[in-house]
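Put together the whole structure using the sequences plus the hints.
Protein chains: 2
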Amino acid sequence: MPVYKAPVEDVTFLLNDVFSIERYNNLPGFADATPDVLEAILAEGAKLCEEVFAPLNRVGDLEGCTRHPDGTVTTPKGFKEAYRAFTAGGWMGLSVPEEFGGQGLPATLNSVMQEFLSSANLALGMYPGLTQGAIAALIVHGSEAIKRTYLPKMVEGAWTGTMNLTEPHCGTDLGLLKAKAVPNGDGSYAITGTKIFISAGEHDLAENIVHLVLARIEGAPAGTKGISLFVVPKFLVNEDGSLGARNGVSCGSLEHKMGIHGNATCVMNYDGATGWLVGEENRGLNAMFVMMNEARLAVGVQGLAQSEVAYQNAVAYAKDRLQGRALTGPKFPDRPADPIIVHPDVRRTLLSIKAFNEAARALVLWTALNGDVAHRSSDEGERRAADDHMGLLTPVVKGVLTDRGFENAVKAQQMFGGHGYIEEWGMSQFVRDARITMIYEGANGIQAMDLVGRKLGKDGGRAVMSFFNEVGAFCQENAGDETLKGFVAPLQQGLGHLQQATMWFMQNAMAKPDNAGAGATDYMHLFGLVALGYMWARMAKAALAKKAQGNGVAERMDAKLLTGRFFMERTMPETATRLARITTGADATMAMPVEMF
Amino acid sequence: MPVYKAPVEDVTFLLNDVFSIERYNNLPGFADATPDVLEAILAEGAKLCEEVFAPLNRVGDLEGCTRHPDGTVTTPKGFKEAYRAFTAGGWMGLSVPEEFGGQGLPATLNSVMQEFLSSANLALGMYPGLTQGAIAALIVHGSEAIKRTYLPKMVEGAWTGTMNLTEPHCGTDLGLLKAKAVPNGDGSYAITGTKIFISAGEHDLAENIVHLVLARIEGAPAGTKGISLFVVPKFLVNEDGSLGARNGVSCGSLEHKMGIHGNATCVMNYDGATGWLVGEENRGLNAMFVMMNEARLAVGVQGLAQSEVAYQNAVAYAKDRLQGRALTGPKFPDRPADPIIVHPDVRRTLLSIKAFNEAARALVLWTALNGDVAHRSSDEGERRAADDHMGLLTPVVKGVLTDRGFENAVKAQQMFGGHGYIEEWGMSQFVRDARITMIYEGANGIQAMDLVGRKLGKDGGRAVMSFFNEVGAFCQENAGDETLKGFVAPLQQGLGHLQQATMWFMQNAMAKPDNAGAGATDYMHLFGLVALGYMWARMAKAALAKKAQGNGVAERMDAKLLTGRFFMERTMPETATRLARITTGADATMAMPVEMF
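Residue numbers (UniProt numbering), protein chains in the order written: chain L, 1 to 597; chain H, 1 to 597.
Watch out, some of these pointers could steer you wrong.
Where chains are identical, the list cannot tell them apart; a pair therefore holds if satisfied intra-copy or between any two copies.
[As the list claims (entries may be wrong)] Derived lysine-lysine pairs resembling DSSO-like cross-links, with alpha carbons at most 30 Å apart:
1) K180 / K47
2) K5 / K319
3) K147 / K80
4) K153 / K547
5) K547 / K77
6) K80 / K485
Calculated from the structure, these hints are not laboratory results.
Okay, structure coming up:
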């Protein structure tokens, strides 16, 4: 049975020592999150994930969801109780403003909890995760009536949410979507169409399901400028808030997927279902983007989460499995063989995952803190800078953390040899579950195009310049610090490569946009390497300072520094290859005739 | 339903134009393989794979194998008939010497067929594949009586073979194995023990199953020097060759695996089963290595095979799926959107797979031709050089082609977006099936250690020096050729990196073997890049020559050159990163205390 222990200590190190969360005390909700409260919340969240969510992970994979002839869907055994434990603990509204029934705590805490939940049980964690995304969208774009009707029930978890974008013929290219909305004359609309790949579209965890649906109002312009967003509940809601008639939306079938079997991935049929407009007519994509951006960050976290839980299990196996002897002679001569963690190739593999995980966690929290600033600061300049950061880093977090997260799950599985391929050990599930994170909420190629095609040039490159300035300033400030030399020098080099790549796009992609398209994925990963390297440099600085204070943390901080050193030595050199690929340009890529592929 | 078309044209280009197979006409069996015969054989093999094996691939995945209470195992529907078509066509003995009932054709042809079979249906192809490996081991190490008893039936495919190495507590470290053999006094032995992960251990395709089993003869030395190899048939064989009593070996259970569901992966229980020694007492590993080396090359081919079939399906989808518009404006303005193959990121992904596949196929055939020389040449020097090549390249082919093959299957799946995650499309199966190739026949970390720890220094580095000389000479000879500049220059640089890495090991790994262990995987991939780059340089040269001859092949040869250019520009730069990682050494990797992982 796979193990999982939530990395609480690492999170408190990041929040307290690296990012000094107390500096954010002026933001609403942060003053309540004193170190004691924070620790208590994390401990409680860890317990829920370790003891309630994690034991159901394999159950969910084996059982999957079942659709019955009447269109209802049953989730795997135990999911209902676990979901109830989640809602009873108030986790759904952890960072939802108090006026909507939440606790108003930092959204950063919610990101931490998302990691723990997704490590413990990705398929189960998706039900509340989607609901939180829908809540965020309704808070920003819902009318007062919609907020009043849906938010309290969603925040308490009695009702869950979904996002309905994809149709059989369109996923990425939403301009092609066909679902239509016809005004009923009473302010509501009749929604008709088919949506596919709808996670948590139908299930037995909640009394009602609140679908956010993209559709085209009769007569709307073609393309993306004619798409509106609607709220379509499974059960209509009466004036007094009680549930009324069943709405004309139902689950037509469940998909058979490679993984996340515990989550119901539905084909949803809308057959004149009653819906209400969210936000403005024809501005649906804009409204949905609140949910999508939220979801993209959460999916990045899922990538990290699978990497983390796969790593923990690989470490446990590597300490336990006896096979062969250390190259430098037996380490445990009294045993028939040494545990495989003595082998350099095993250690290298494990450290490459560990070094990624710790930096990725830092990147998530750094970005989440910026999210809190963007939403809660009273200072416009601060809000704008934080929002720039969010926009720029969202595709990087989504794309890089899921690509690497999957790779790492595969590497962790590899540590088990043949046993890794056997389902009973659970490593295959981590790989199969992790695989979806590279695809949903915008496949990673789309994230790369979002970064290169939209985010880089936005506002005259303000966001990316600010990122370069921050990293550059850090390097400059710490250039003289001998103890940080192993971190600053490779970071500086990586930053140089990233700046050269950016410059190359400016010079070569304006006239030939294919040059940007052909380099986008490498650029996204180059950006990710520099961002992760920067996180390591900051963690190293904080670890050195913490170690100097004493308090018996020397061993832990030394391990941190060693892990960081491994990252700088073994992962950062990749920046050179990424740059080299980008600057070869698109000629060879575009010249091949279609029929010769 | 996934598509598959065997790449016959690419194979004939390699055999005729790149490797000039007619130069091998002095070897036994090669003179029979005239261009016409070759083409006829490949066409026939392609047909079997495309029309019989491929349509059963998904069936096998869905149905899997079933073990009945009496220990018998049923394979998926249609497998029996397909296997019969294979044996009826004489494919099992394609390259087996005529004296044992085979056709004596080049083993190189068998490698080609292995690729086609593994692309079409990996799980089904494993049954004959293991049989061929067992045949090879028995030819080299079996006594006359054993050869007479088993080989004819195996070559005709009436009986299949297996290899039994792994036990629950030992896989890589065979020195720990416990299965025991007690002499029966009549020349036979009673074999007792449990073997796990035995592919094709029990099934309904053949009348008898011939297990090759590693076990320890009573009183044998501990460790690897006390292991012997035995042949243990499922049914004992009477003097007249007819089947006798059921032997004391049975399938205890089937494993539930991530993929290759159509192949029965068995726990095999030996309960005093009667077996006969193959080769010398206590030299069982030596005898088994014939089968393992054969199998390692075949598994490398399987990696390529999954990459190829996944690629073909991704191309078909990319030409068909309409989504978005080309960055340079609509390419099909009359359609609602352009096919996604217009997008640079999609093309980049597809080309990276294609460029690998074509070079990997060349590497396989180059190595297979060396195998034929090693086994068939009458010249001792030629045999020795070819054998050196085989020893050096076997871990590279196995490790690199399977690591990349899996990565490529993942990339191809990514082209399908959400549809790639749905089992119906078949892309998930390619990924799940490809995953085993990185693990079995020695996990890839073991291949890397074999290369760095055994093969590099063997015979004073004779094999690796000869490889460097060959590639270096090619670069020198063609340095002045302007048309090859884009190939020779990056190859030369990659070779330089590989030589530096080799030198670094010589200087730093003698005293500290961990430096070799921590760099082994990167070294294996660096070696693979140079080997694949060399294949591209040779293919480019052949393509230019062929194009110059006319004959209407210009378009195909231009595509070849473009694909090669893509490889040199986008894949070769990785050599620098690999070298940088290797030369950081093992310090950071080895310093981490076990409890801090």
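Structure-based check of each hint:
Taking identical chains as interchangeable, the C-alpha atoms of K180 and K47 are never at most 30 Å apart, the minima being 45 Å within one chain and 48 Å between chains. In this assembly of identical chains, K5 and K319 lie within 30 Å of each other by CA distance solely inside one copy; the values are 16 Å within and 45 Å between copies. With identical chains, the CA atoms of K147 and K80 are at most 30 Å apart within one copy only, with a shortest distance of 26 Å there and 62 Å across copies. Within a single copy, K153 and K547 get their C-alpha atoms no closer than 47 Å, and across copies no closer than 71 Å, so neither meets the 30 Å cut-off.
For the homomeric pair K547 and K77, neither the shortest alpha-carbon distance inside one copy (47 Å) nor that between copies (64 Å) is at most 30 Å. For the homomeric pair K80 and K485, neither the shortest alpha-carbon distance inside one copy (52 Å) nor that between copies (65 Å) is at most 30 Å.
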